[in-house]
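Peer 1: Model the full assembly from the supplied sequences, consistent with the hints where possible.
Sequences listed follow chains A and B, in order. At position 404 of the first sequence (counting the first as 1) the number is 404 in the numbering used here, and the numbers step up by one without a gap. At position 387 of the second sequence (counting the first as 1) the number is 387 in the numbering used here, and the numbers step up by one without a gap.
Each statement offered as a hint is correct.
Capping the alpha-carbon separation at 27 Å, the derived lysine-lysine pairs in DSSO-like fashion look like this:
hint, chain 1, residue 1, chain 2, residue 2
1, A, Lys93, B, Lys67
2, A, Lys277, B, Lys76
3, A, Lys76, B, Lys332
4, A, Lys277, B, Lys31
5, A, Lys277, B, Lys67
6, A, Lys277, B, Lys332
It should be emphasised that the hints constitute simulated quantities derived from the structure, not laboratory data. Note that the structure is predicted; figures quoted are calculated from it, not measured.
This is what each chain is made of:
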Amino acid sequence: MTTVQIHIPDEIQRRYRSDHPLRRTGLALFGIGLLIFVVGATGIFSTIPLLYSLLSLGLATTGALLFIIPGITERKPGIDNDGIMFRPMLNRKSVAWLTAIVFTGFYVLLYWFPSSLEHMVVASDPLSWALRGKAADRWFLYGTLYTLAVLVMGARMLIKYRHSRYHIIRTLSVMFFQLVFAMLLPSILQLFNQPEFYFHYFWPLKYDYLFPSKITFLLENSTRLAVFMGFWAIVMAFIATPILTYFYGKRWYCSWVCGCGALAETLGDPWRQLSDKSLSAWRIERWMIHSVLVFITVVTLLLWINSATEGAVLGSFSYSFSRIYGFLIGAMFAGVIGVGFYPLMGSRVWCRFGCPQAAILGLIQRFASRFRITTNGGQCISCGNCSTYCEMGIDVRWYAQRGQDIIRASCVGCGVCSSVCPRGVLNLENGPVSERLH
Amino acid sequence: MTQTRRDPDTLHVVIIGNGVAGVTAARHIRKGSAAAITIISSESDYFYSRTALMYIYMGHMTFEQTKPYEDRFWEKNRIDLLRDHVTHIDADAKQLRLASGDSFGYDVLILATGSQPNKFGWPGQDLHGVQGLYSLQDLQRMEQYTRNIGEAVVVGGGLIGIEMAEMMHSRRIDVTFLVREESYWNNVLPPDESAMINRHILSHDIRLHLSTELEEILPDSRGRVRAVKTKTGEEIPCAFVGLTAGVHPNIGVCEGSPVTTGRGILINRYFETNIPDIYAIGDCAEFISENGTRGRIEQLWYTARMHGESVAGVILGRRAEYDRGILFNSAKFFDLEYQTYGDVPSDVRDEDSLYWEHPDGTRCIRIVMRDGVVTGFNLIGMRYRHQVCERWIHEERPLTYVLEHLGEANFDPEFSHQFEDRLIGQWNERHPDQAVHRVRRRGLRRLGTSAYRHIRENATS
Ligand SMILES: Cc1cc2nc3c(=O)[nH]c(=O)nc-3n(C[C@H](O)[C@H](O)[C@H](O)COP(=O)(O)OP(=O)(O)OC[C@H]3O[C@@H](n4cnc5c(N)ncnc54)[C@H](O)[C@@H]3O)c2cc1C
Ligand code: SF4
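Peer 2: The structure is reproduced here in structure tokens:
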């Protein structure tokens, strides 16, 4: 007896490719914008920054929006996952690999070959002058691209999930934090010659915020704002984070505020189903994420010991240790792999396997939080939609089909399992800790 | 029918059928014993979720993702899987004959062979391009038959019919949906709910033909379906016909064996057939009726699961009579979710039910009562808590109590609009003498401790 193979022929894909005129125009504009952006690397546009900016970033953004907008009329509000498993881009076929290489390549250039981006940085010059009163650098270009991705793909989320107020509100939230807290506020701070500071990032994700050098710089600063920043860093890391997580679970941060979460929930959403749901992946996840947490905690402690002893005990050891962390985790993991591998391993590789912030929030969520995903009695039909679309690789169905609540350290509370469940089985809820059903 | 008590650890339990019934039985027998367990099934190597067939076709999931357990789960739990078809049961020798030619012995046999699609002898029902939807092989055929076609017809106004319509709609195939009744699924849904679904089907550009019966299916010169003809003589051209006029128990395996069958394999409330050590569970079983009425057949996912759990108890020596408890179910019609708890007759009288419908016509709440006591709920476009509804029905709560506490039952996601107040407002307007006030809104925080305890006690495993 032969094994049953459900073979979906390639021509099926065509039925899902929309030929809406706006889509085609959008795709063309996006392509042209991207091309101009890349050609700019040669430096031929360096003397005309505004035009370069409009023709590259401007055109690509407009194109992407035009591509997205027909979604409003093409399908009625409701879960729209038709054809996802047939699309090469979403199923690790060659286009997906290509995209992953492009993403990864960009991060490699950004971190280790910045001179290659020298002329492309010009594309963000006009915006940089307008916001910060100075020329752009590669980090400003990166921030601009990042924010544009969150806003444009955020618009896509708003359309895709327009039937769900939960998704609308949380998507608006990540768009807001990315635009205001990650982009505008730090720029304005620079305009007024204040220290660069991101109010929505805390130790250990923004690990240097509790490094002795940064904290002493802020607290011993002459401006009141800097002192406030120092206090903010400490209070958020040690007091606000545990309290908020106790009440709402880690989602208040991971899928509402955090910039990495913002990108994952917008740009990364089309690839969410690629996360590995196996038990072995879960085992690796727990090892890795907690190791990173230990790593950064040790680095931070060493730096403080070093600073307290004025280098007498450790010499420059703690600095090289912190540089290793910055290279391995801060750059390699969070950037290159975290975003670069979206098309191969799903949108939350970094959040799941590497983020020390997620590790801390996860521990609180697992052991001392009012948050859980409640299972609605016996309604589960074990279909598997919830597990398939969990970006964190949680096998939600395993719990749902036994009537258990889902209480997992990694759950970022995106709420997609609850939306895709065709039987109304799952609900994100806050309630007494002791009443969670394991 | 009484069976001698043996140490379950020494038994070889053989289960025919790796659907949810058979697999649940195996899991629970494993939990409670060291018995040898073999599941024989001809459809697939591993248990997959039949309810997810539509999502494979629509590209929401791959076949792999419909398997509720990783492949290595079975070996780890020492449940042997055998891919073969059982052709004959030799009850005297306790041997099974397999399609591969082998024989297979058992100490205890559980029949969990599921259902088969009904066919009513329509002319042309076996043409190329005509089929029902039950198994993986059906899905495979559907994939081939519907490749690049433009028009299809679905016959039968039940849950699988609307699923097939939605499946093909997702591939941009024009679907005509023939429903014999004058309104969709109105043998189950009261008129208001049924009308709401009719409207929803139409809004998805499905050509819904109500009160329409199939006369025959017409072939082209190559033996493929070309069109269907209705009883009124109308011809509808199509390249595919989905027949979804219900299912019946799959009892073929009992042929030539002494196991008695009616419509299904006949069992008592302990899942015992007339032959010692042979049990039947899930869709294929028919409970012998005690008062001469038609025996009950339960064809649902959760009842199959409950059968599996209960039969494991019986085999492990915890012989308890099966009680399926208060009925519930759910479905999704395109984008409309439907949940039901307790008893909601399709012909419920107006004075026995309270019905509220959202002005946009895509959500409703119906509460059914008998002698002032709440007996059932229907929800469309809204989610209610299973445990809370069940508790109220079980405790025979009066309508006014249920209305006051309705927020406890609401299971909709955070931030979604809540409509209990509107239902209560409608009640108060019509019954000013019995006006009620809502005491709770949605959310666990607002659930009383007693409700919590109840939810905890009812958690299944
Ligand atoms: C498309 C579809 C959608 C559904 N959706 C829902 C839903 O949303 N909610 C709900 O409650 N119910 C739903 N149902 C019904 C539900 O799936 C069934 O009630 C349930 O699967 C029955 O489980 P079972 O274990 O009794 O049988 P099955 O799942 O049918 O398993 C029986 C297995 O035994 C095998 N078998 C039979 N005879 C032999 C033999 N002689 N030798 C070897 N193997 C054999 C069959 O091949 C089959 O694999 C749906 C059914 C279908 C077809
Ligand atoms: S999506 Fe819903 S019904 Fe399907 S397995 Fe998950 S909880 Fe169960």
